[in-house]
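Per this note's numbering: the sequence shown = residues 1 to 518.
Because the hints were derived from the structure by calculation, they are not lab data.
FRET-style restraints, in silico, Cβ to Cβ: (1) Leu489 x Val40: 42 to 52 Å; (2) Ala263 x Ala44: 43 to 53 Å; (3) Val351 x Val206: 36 to 46 Å; (4) Leu168 x Trp442: 33 to 43 Å; (5) Ala127 x Thr190: 18 to 28 Å; (6) Leu254 x Leu229: 19 to 29 Å; (7) Leu439 x Pro256: 20 to 30 Å; (8) Val40 x Trp255: 45 to 55 Å; (9) Trp212 x Leu489: 45 to 55 Å; (10) Arg106 x Leu201: 13 to 23 Å; (11) Trp130 x Asp283: 34 to 44 Å.
From a predicted model like this one, the values you see are computed outputs, not experimental measurements. Backbone N, C-alpha and C fix where the C-beta goes; we use that ideal spot for every residue, glycine too.
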Amino acid sequence: MPGGGLSGAAEPASGPDDRDMGLDSSISDREHLPWTPRRVRVTAGLMVALLVAAMDSSIVATALPTIGRELGGFSLYPWVIAGYLLTGTTTVPLWGRLADLHGRRRVLLIGMAVFVLGSLLCGAAPAMLWLVLFRSLQGIGAGCLQPVALTVVGDLFPLRQRARLQGLFSSVWAVAALAGPLLGALFVSTVGWRWIFEVNLPIGMVAAALLWSHRDHPRERARDGVDVLGATLLTLGIGALLAGLGAGAGARPLWPLVAGGIAASVGFVLVERGSTHPTVPLDLLGDRLVGPATVAAILAGALMFAQSAFVPLYVQAVQGGSAFAAGLVLTPASFGWTAGAIAAGRVLLRVGYHRLVVSGALSMLAGSLLLALVPAAMGPVWVGLASGLVGLGMGQLQTPLLIVLQGAVGWSRRGAVTALNQFSRTIGGAIGVSLLGMLLDWRVRAAAPAHGLNPALLANPLQIGGPVAAQARPLLDQGLHLVFAALVLVSAATLAVALGILRLNRAGTIPGGGSGDG
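Please build the complete structure, drawing on both the sequences and the hints.
Rendered as structure tokens:
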């Protein structure tokens, strides 16, 4: 595996636990570093940065109908989310590379500035098209905050301390992301939807002030730069694919855009293979640890984002719940992720990351099965239980993989491998939600004529009212259960990858694993 420590500084020997895990600890072999005032400030700043970025990935969902009625251009409303997700995904590797080249603090503060600027512009948007553009700018900043903040955590703490703290940081992301719909509904019903964006100004200023005292480790000046061509092709490729597939909006595929997206993606791969400083380190994908971990992140991301997108729709359109009820059923996922992430961080060195990955995949599969089998008459409690199991599995799976991946490379590539993990999860969610949205739209529209309904009436089920709502509910029930059945397949594929990691570890192909293999 790629190794290397802190350039320009003496590299302490890895401790026994680091070698047992197959990790390259680039900080210290000590179990714990003291909590100095500066370390406390920086850690708090990182948590605030993660909180604000994660919250904005979901807080807009419950406000979209109100935004559409006020700004017009309702046909563009899916891109308020899709634009943010797109730029926040494709710029992650770019930010990770910049953090490796120019230092974590400088890049993190620039990303925060871009995020806050985009937020202020969103709050002042005069029309839907402008809001979509400003949300895309906001997403560029968000693409920096999450991976670079987690990279700094990898820089600041030794393995044992990092294993505990990564669970806390992962839970902050989960709580913020899944609590977002509730807060969005609260803002809409009180001070207005524009405050969803404007509140990021004071929060961003607090995070920047806390992070200002962070000092990067000494490093040599890198001679290479940023892969601008690769990043551009990546953005165009994924953007065209999402636009062509409808970005989950239920639109018919635009095959020329899909073909263009595929062509740009192929060009991206060709450019990356010949680049000396690639945006995405494709060579790492051939590693027997990084490759399977990346596939697991893609599948888990598809499950996570699909749950956030389609479970609230099920609660509101099928079970007849309110927007707040739809947000509440995701709360168990937040608590489950928190519990799973913290527990995984604490027992990682004793049981081995490979066993935690399998356990997490099993929990995700159990939650998906419950979701697929849930009858509408059971109410939101059953849905909440399924959501909690999925969240518990995500916490057990994501945290160990991130910690191990960060320890598998040296300082100069830790930002890239962290960004690759975040990128994989988010792009899996973006494409997964798009494809599942198409599946739902096809199922509902295909069955509508047989029930005497105009398929056009089902383009936005949340706005259906009166007698049509009662007729449409069974169609939505069938379509959403088909989506949930597809999530079972995604979870099963995640379990297959996890079992493959376990098998490779027992065969000795992947070094380490904690307390030994049974």
